[in-house]
Structures are given as structure tokens and as C-alpha cells.
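> Each chain, written out:
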Amino acid sequence: MHQISQHVMKKDHREKIDGTALYVGDFTQQGALCARLVRSPHAHARIEAIHYPRFPEGYYKVDAADVPGENIVHVVEDDSPVFEADEVMFIGDPVAMIIGPDPALVDQLVAATVIDYRELPAILDIHDSDKVFFDYHYHKGDIDAAFAVADKIYEEDFQTPYQEQAYLETQGVIACFQDGQLTVHGSLQCPYYVQAAVIKACGLSAAQVRIQQDYTGGGFGGKEAFPSFIAAQAAVAAMKMPGKSVRLVFDRREDMEFTSKRHPSCCHYKAAVKDGQVTALDIQVLFNSGAFTTLSPVVLQRGIIAAPGVYNVPNLRVNGQALRTHTVPTGAYRGFGAPQTFFAIERLLDHIAADLGQEPIDFKLAHLVKQGDATSTSGLYHFPVPLPQMVAKVMAASDFRSKRTAWAQPQSGRVRKGIGIALWFHGAGFTGAGERDHIKAVVRLRKLADGSVEVLGSNTDIGQGIKTTFAKIVANELDLPLELVNYHNPDTALVPDSGPTVASRSLMTVGELFRRAAVQLKEQWQDGVEQVVEEHYHEPDFMLPFDLPTFHGDSYPTFAWGVAAVELGFDSLTGQNDILGCWACFDVGTPIDEQIVIGQMEGGVLQGLGYSAMEQMAYDSTGRIRNHSYSDYIIPCAADVPKLDVQLHVEEFPFGPYGAKGAGELPLVGIAPAFIAAAEQALATRGLNHIPLTAEESLAYLSAGQKELAK
Amino acid sequence: MVKANYMPTSLPEALGLMAEEELIPYAGGTDLMVSEAPGRDFLFLERIPELTQISQDDQYLHIGAAVTFRNILASDLTPALLREAAASIAAPAIRNTATLGGNIANASPKGDGALICWAADAQLVLAAASGQRTVDIADFYQGRGTTIRRADELLVEILLPKRWLAGASFCKVGARKALAISRVSFAGLFAAESGQIAHLAVALGAVADTVVRRPKIDAMLIGKTFSEAKAALPDYLQAWQAAIQPIRGRVSAEYRKLVCLNLIEDFLVERLSSAHNG
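As they're listed, the protein sequences go chains A and F.
Residue 724 is where the first sequence ends in the numbering used here, and the numbering goes up by one at each step.
Residue 326 is where the second sequence ends in the numbering used here, and the numbering goes up by one at each step.
The hints are simulated quantities; they were obtained by calculation from the structure and are not laboratory data.
Note that the coordinates shown come from a computational prediction; the quantities given were computed from them, not determined experimentally.
Heads up, some of the hints might be wrong.
[Claimed, not checked] Residues from chain F that keep clear of chain A, each with C-beta distances beyond 12 Å, as calculated:
#	residue
1	Leu71
2	Asp105
3	Ala122
4	Ala139
5	Thr195
6	Lys210
7	Arg224
8	Ala228
9	Ala246
10	Arg262
11	Pro282
12	Ser300
13	Asn310
14	Leu311
15	Phe315
[Unchecked claim] Distance condition first, Cα-Cα at most 30 Å in a straight line; then the derived DSBU-like pairs of lysine-lysine:
#	chain 1	residue 1	chain 2	residue 2
16	A	Lys165	A	Lys29
17	A	Lys29	F	Lys264
18	A	Lys23	A	Lys480
19	A	Lys720	F	Lys278
20	F	Lys225	F	Lys305
21	F	Lys210	A	Lys720
22	F	Lys305	A	Lys430
23	A	Lys720	F	Lys225
24	A	Lys656	F	Lys225
25	A	Lys144	A	Lys283
26	F	Lys305	A	Lys416
27	A	Lys480	A	Lys430
28	A	Lys383	A	Lys165
In this text, a Cβ means the ideal position worked out from N, Cα and C, and glycines have one as well.
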């Protein structure tokens, strides 16, 4: 492994351990105004009138009438308001905000605010949706011909649920407007996204709006778009009350109930098989976008690009739709649309293989893409595909074949076992032409007279260690001790826009810009003077330009690869599962810090295990999210961490720093299909096409099997 | 918000305060803390020596009502059954402060410590300034969240009969391996003497408003030889089938019932087939 991979102490280790790192909730409340939102109790209704209570001195309302700019929170499209004025679109949709010094009194005033609503029909189920937000189509080959000559045709449906990011720190911002300058700081992933939203809502110029990231206690995508909403709301209030800090920090219940989570999905897959090979896939992907568009177009793009999985299927027809319902708007969560479709394709191939009397892993290996093959969008796999080696490593570590064979036999006894395996990729970096056409990242290095170097970009350290890995890259290139190279929480007044902290792009794309900037600085280096160098993103020449209308071209510059095997034991008396082991191998190119990468891989696997059979979030008949606390939304805790064996396979990417590729999202993506494959073997059933798998459902399969045995 | 803090250091002082004012006994507070009872006054029990000790005599283990689960786990006197249940409760931080008395007096059917006391036919000592009484745990509860404890009384001690605790079994069905509230819980006591079943007690948690214990059903097998008991097992299970009327909650009533019956059957089949027939 590269020498840079050697682990160092994280740059922010000490301040996070000794408590000097300030999170947004740590800032003094002395003199600040507490802000609380007045939210819709209805999934869909017209606002007839708002009756505010009498406000004591120092207490105010803020609503649509107070928005100085446009009443819009800019995300990708401009369809969500800062405050609803006419119609509420989901339970929790903000109509107004109350601000004042005493939180308890603010709560009373929120409770005393009466809004007259006329209820309208609410659509909760995506199958009833009357509005398609986004509708994408792509195809390759001749699908009709392939189906016409097929030996056998398979059709299956798959469902995946909400998943809550469950970051340690809830959402929160503090806004202050003083001397014509608006400052917003808080827990967030993308300072320049927040700045664009605040500029639009407040009618200010970029020079007047400064966004600062505070230490952030986890994001996982949940702080990609959502902070723009609360920043706009707090900023509008701050402009009404110049000189005052307006503090909008959510409690856990509010955060779980009303902030974005993973898109629930329904996928319909139809496959043609000829001479033992899958020759065509006809795929429909439906994502529940909730009340607004938020990030759904990009989530859906990633989801449908991944729809055929890691398999070379020559004929494809893929349709994806993001649909509106009157439920909480969904958004980014690690994996960003891909976990949904990888679940579907992996389960489908498991089932086709079983039907053809083959071991799923052998059937999958016979369909793998390889370097030089066309991608789903008729781009190219430009670089080696190391999946065969990775599968071999995981199968050896898990003793896969002998377990799989043993547990295929009828089982008796209290514990029933199974093992399954899944293969996947994660497109590294922004989807399609986003990096080239929209983000256009810029980075800077400022070398001070004392020889230390400030690394300047807008990417945020949300626990993934970017402060450390950026600094390692620059220090390595300049041959400086790591202590002399520093990366601080970004402040839009001080750093260029190197793009958002999303899409597993920061290290690979922005890290490479920093490496190139460091090369530049080294060439120009003069002792004792301050020097600044700048680098701009250019799409690598090898890429086939991506065209969104036709979904044609290279959707990603390269791919990170994942393989995981999960071994389960089910208690036939209770239906509970025990994860006996999880073996995984990931290729994220060169790890810039091996320990950070291993930690990230383990954490992502655990979120994938939670997604498979533990985390359950549902709304009731009125559209209200029921699982809004940690006693009702069960995520894995320390005691649930199974034996986890994570290996790295390094396939260097020549256009990433030292060969690094995207890493952050990869580990979660394909865990659920591996888990469910193991469950199907243990429960001696086929057709588990949804997650989460509950103990109750597992017990039903085990009891049915018991009766079968008794006969 | 806590309006008044009483932290007595002796039982007479505590009982005097209970007689004078309406106070909520606070024995660990891991449920009270999150329930928010504005304007209520608490009596903290953690500094009362009589309530924070474990001792034993020939018949009983005496557990002070304010003994924490951590101390229950640390004590050499703790029987394996109670140890297993205590270790399944929440997580170390909660066990450092949560108490067996709190678990019982909170009157939730999901209390894992209370379940063991039900299975063991524990007795509870209730004390007041005016005197004390000892009641069977089964008589202590009036329903979910309600007990016969008078406003001036404190639960001071749990008397756990030692005799039948040796061949016991415990199973908890939670949503994860720690920090989980029981969705179904089971405790079973079984003892054989001279080839006959000398004692049998099954208790089920989280399926009704209180823990379910049915001595009359268990009596169907007590006194029987193993072969007689095997023959009577279908009737015994049939009786439980009728007795379990679970409530629907985070999991369905049908699931709760099926798991209870599975666990009861497995427990008895395993005990009756074991080689230690006497």
C-alpha cells in the first residue's frame, strides 16, 4: 500500500475529545432569540387564516409576509417555500416561526397560534400519486428482440423503506444580520448551497451573505440540502431583528419526524434469459419524493444508472420516476438512490440463478462487467474491474462455499443458518456532467511567510476525516510536516467554492485539485513570503461526455467496488436474527488514511445492516411519521455490531490523488441484498423482495417450514 | 422540573416525609426522568442504607428496593436467573442507576427485573410510618402503571424465595441486543424431585397489562412424573393458549402469542427430556 495510507492522528481529534470543538448547540444562548416552527398538522390543506396570540415584548412571529427576497428555498429546483402561505403539503410543513428569548414562552406562543385550515385530499402512497416530478428514460440494444427470443422471462417487484440518517447531532443553525451583513453558521455539509438559498430568500448579494460551518456531528447526506431550509428561515428572522442572533436548533423528535430521509422505492424488474444468460432487463424504478422535489432528480439519476448492477446486460430499457406524495420530503442519504436499485438487481439475479439451478455467486460471476465493457449509459468501464479478485477474498474469508452448501440442506434445531453474498459499485463523484457543468470546483492554497500552509476549500469535515486527508495530501506533495498544513471549518468569506460535500467526491475530486495546487506551489515556492495558488476543475480527457436527456455517456469517471457476505442465524422460537458474521471487501483506490477508510467502511456496513432488518419508519393513515424517537426507530447499537471483517482491495485511479477513488457511500450500498440472501437460505424461502425483514415475518416463515417438516 | 429535593439518609426519615407530603419515590429515575412530571416532588431513595443492600437468610434473598442493577450484577448472592435478566436490561449507564424496586413499582408489564420476581413468587415489603405489610407480587398490581401502594408507603424490600431458582430459564425478545425494551419476555422455573415435577412456574412479560403468571395452569403438571407430564403437555399448552390474550403494540398480538407458546413448549420439552429426572 502507498506510504500515504499510513494512519495519523486525525487533525480534529484533540478538540473533539477535550470538548473545545463547538457544535452549533454549544454557542451561548445568552442574548440569542430562540426560534421554533409552527408546523402543519395536516398532510394537505389550504391555509385560510393565521391567528397569532398577543406577543409579549421581545417576541415576534415570522412568516411568508416577512420574507424579503423570494419565498423559495433553492435546492435543485425552486418549488419549496421558506414558509407556506396558501397551502400546506405535508405534516410538519412550516407555516410560521415564533422567536423570543425564553424557549418555554416561545413554545407556549407556538401552541397558542391558531391556523384555520381547509383540509384537502392527501395522497400518501406513491401508487396514487398524481404528480410525476421527474421521469427519466434510457435504453440500449434491442430489448423487444431480446424478449421475443427469450427462453424464459422473469418478473419481480421490490420495495425498500425510509431510512433515517440518525446523525449524532440534530440539525441546527444560528443567523445574525448586522451592519448589512448576514452570517449563518451551523451544522451543515455544503456551505455554498446554503449561501445560494439564503441569497435568494433574503434578496441579498453574495458579498452580504457569509456561511460558516461549525463542527458537525455527522451528516450522511441529511445535511446536504436540509440546512438550506432552516438557514433560510433563520436568516429571514434575523433580517427582521437586526443585531440579534436567531437560533433554530431541532430536538431529536422534530429532526426525525420532519427532516429528509432516504427515498422509499418500488421497483419492477423484468428479465429475459437466453441460453443461461440474462440478455435483457426492462426496469421501472419509482421513488417517493414526498411533498417537494428537493434532491430527487439527482437521487433518481444515480438510482437508475445503477439499475442493472455490476452485470453486462446488452439490452436495457430503464424508466425512473420520482413522484409527489403529501409526506415528508425525502433527500440524500449515503448511497443516494443506489441502495434501492442494487437491492432489486441483486435479489433478482439470486432468484433467477436459483430457478436455473445455479449457485447465485457463479451465475453473477458469469455476468460481470469488465474493463472496456459499456456501462448502462453506453459509457465505458475505462479501468479494471477487480470484482473477481474481491469475491475470491470474501469467499475465502467467510468459508462461503462450505457454509452455503451445508445450510442448503433441511435444517432442524433452534437456530437456522444462512449465508448470502452481494456485489456492487458506487459511481465515484458527482453523477453525469454535474462536476463539469454546475460545480466547477475551485481550490486554493495559501502559504504563509512562516512556511505553514492553509488549505482552502468549501468541503466540510462531518466525521469522515477530510481535514486530515486533505492536509496529508498537501503535506506529502510539499514534503512538509503535517502540523504545518491545516484545513479549517469552511467560511464562505474565506474559502473558494470547491463544491459540496456529497457524492463521495471530496477526496477524489477536490483532493486531486489540492494535490495539483501543491505541485504548483512547490514549483513556485519562495521562503519567507506569502504565496497563493489556485486550481480549477477540468473534466479528464478520457471521459465520454454525459448527455442527461438521453442518459448517454460516462455517468462517472470511475467506480468504487464492493463485495459483502453476511451470515445469519435465526431463532426458530422467536424469529430473531443473529448476525454471525459479515465479511466485506472494498476497492476505493488508494486509502489516504487506512484507519479512516476502514472505520468508514465498518460504519457504512453497519448502517446497511440496520437498513436490512432493524430500521423501520412508517407513517400512519393521516401521513404522520410514527417512528420519531430512538425507542421507536431502532438502529444498531454497539452490542449489535457483529464480527466484521473488512478488507481493502486497491485498484488505483490515475486521476485521483495517489490513486484514490470515492469511498464514503460505498459500504452501505449492497449490504441489504447480501443480508436478505442469507435470510432466504436460513428461512428456506424465496421471494423476500423487501426490507426491513422483521422478526415477526421471519417467524412466520420458520413456523410454515415447521409445519412442512411435520407433514 | 424538580420543585423540592428530599434525599433522606434513613428509612424512618423517608417514611416521615412520605407521611407528610405527596412525594414520588425516586429509585434510579430512568423512567421518571424522561416522563416529565412538572410540579411533582420527588423523594430520592439512593442514600437510605436499608434500601440499598442485598442479604439473605435460609429462605429468602432480601433485595433493597433501591439496589441498582449494577449492584445486583456485582453481588455474589445474586442467582443466575436474576443475573441474566439484569444483564439484559438497557445498557451499563442505565444499569448504574436503575433499580429493581423501581422496575417493580413502575408497574410496566415489560420490566425484566419484575418478571423474575413474578416467576419466583417474590414478596414485597411495603413500609409506612404507621407500620409495614408484606404482599405477594401478584397482589401488588392493579393494572398497567397502577399498584396497591398507598401514597404514604414505600416499597422497601423484595423477598426472593431461593428454593426453586436453580433450574430456571430466561428469554428476552427485544428489537436489538441492548437498549431494548422487551417485546416478549419469558421466565420459567422447573424442579424435579424423586422423578416428579416438584415445582413449575412460568411468567410472561410484555403480553398483557401486568406480567402473566398462572399457578393453576402450572399446577396441571406439578406432582406428575415426567412421562405423565409429557402426556399432559398438549393440555397444558392448550391452557396457556387460552390464557394468553396479548395486546397489540410495536409487534402484533399474534406474534407475541406465538413466541410465548414457542418458549413455553421449548422450555418444558427441554426440561422433560433432560437426563436429570430426579
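> So, for every hint listed, does it hold in this structure?
Verification of the supplied hints:
The Cβ of F/Leu71 sits about 25 Å from the closest Cβ of chain A, beyond the 12 Å cut-off, so the non-interface label holds. In this structure F/Asp105 is separated from chain A by more than 12 Å, as the shortest Cβ-Cβ distance comes to about 36 Å. Non-interface call for F/Ala122 relative to chain A: holds, since the shortest CB-CB distance, roughly 20 Å, exceeds 12 Å. Its beta-carbon lying about 7 Å from the closest one in chain A, F/Ala139 breaks the requirement of being farther than 12 Å from that chain.
Every beta carbon of chain A lies more than 12 Å from that of F/Thr195, the smallest distance being close to 23 Å; the non-interface claim holds. Listed as outside the interface, F/Lys210 is consistent with that label: its C-beta sits roughly 28 Å from the nearest C-beta of chain A, beyond the 12 Å cut-off. Separation of F/Arg224 from chain A is inadequate, the least Cβ-Cβ distance of about 5 Å not exceeding the 12 Å criterion. For F/Ala228, the requirement that its beta carbon stay farther than 12 Å from each beta carbon of chain A is not met, with the minimum near 8 Å.
No beta-carbon of chain A is positioned within 12 Å of the beta-carbon of F/Ala246; the least distance is around 26 Å. Once the 12 Å rule is applied to beta carbons, F/Arg262 is consistent with being away from chain A; the minimum gap is 20 Å. Non-interface call for F/Pro282 relative to chain A: holds, since the shortest CB-CB distance, roughly 14 Å, exceeds 12 Å. The non-interface label for F/Ser300 is inconsistent with chain A: the shortest C-beta to C-beta separation is roughly 6 Å, within 12 Å.
Residue-level check failed: F/Asn310 sits 4 Å from the nearest beta carbon of chain A, not beyond 12 Å. Distance check on F/Leu311: its Cβ comes as close as 6 Å (rounded) to a Cβ of chain A, failing to clear the 12 Å threshold; non-interface status is violated. Not every CB of chain A lies more than 12 Å from the CB of F/Phe315, the least distance being 10 Å, so the non-interface label is violated. With a CA separation close to 58 Å, the supplied pair A/Lys165 and A/Lys29 exceeds the 30 Å bound.
The suggested pairing of A/Lys29 with F/Lys264 is violated, with an alpha-carbon distance near 59 Å, which exceeds 30 Å. With a C-alpha separation of about 8 Å, the suggested pair A/Lys23 and A/Lys480 falls inside the 30 Å cut-off, and the hint holds. About 21 Å separates the Cα atoms of A/Lys720 and F/Lys278, which keeps this hinted pair within 30 Å; it holds. About 21 Å separates the Cα atoms of F/Lys225 and F/Lys305, which keeps this hinted pair within 30 Å; it holds.
The hinted pair formed by F/Lys210 and A/Lys720 fails the criterion: a straight-line CA distance of about 40 Å is larger than 30 Å. For a cut-off of 30 Å, the pair hint linking F/Lys305 to A/Lys430 stands: about 24 Å separates their Cα positions. With a CA separation close to 29 Å, the supplied pair A/Lys720 and F/Lys225 stays within the 30 Å bound. Only pairs whose Cα atoms come within 30 Å are accepted, and A/Lys656 paired with F/Lys225 is accepted, the gap being roughly 14 Å.
At most 30 Å may separate the alpha-carbon atoms for a hinted pair to count; A/Lys144 and A/Lys283 meet this at roughly 25 Å. For the hint pairing F/Lys305 with A/Lys416, the CA-to-CA distance comes to about 33 Å; that exceeds 30 Å, so the pair is violated. A C-alpha spacing of about 43 Å is found between A/Lys480 and A/Lys430, which places the hinted pair above 30 Å, so the restraint is violated. Of the supplied pair hints, the one linking A/Lys383 and A/Lys165 holds, its CA atoms being roughly 26 Å apart against a limit of 30 Å.
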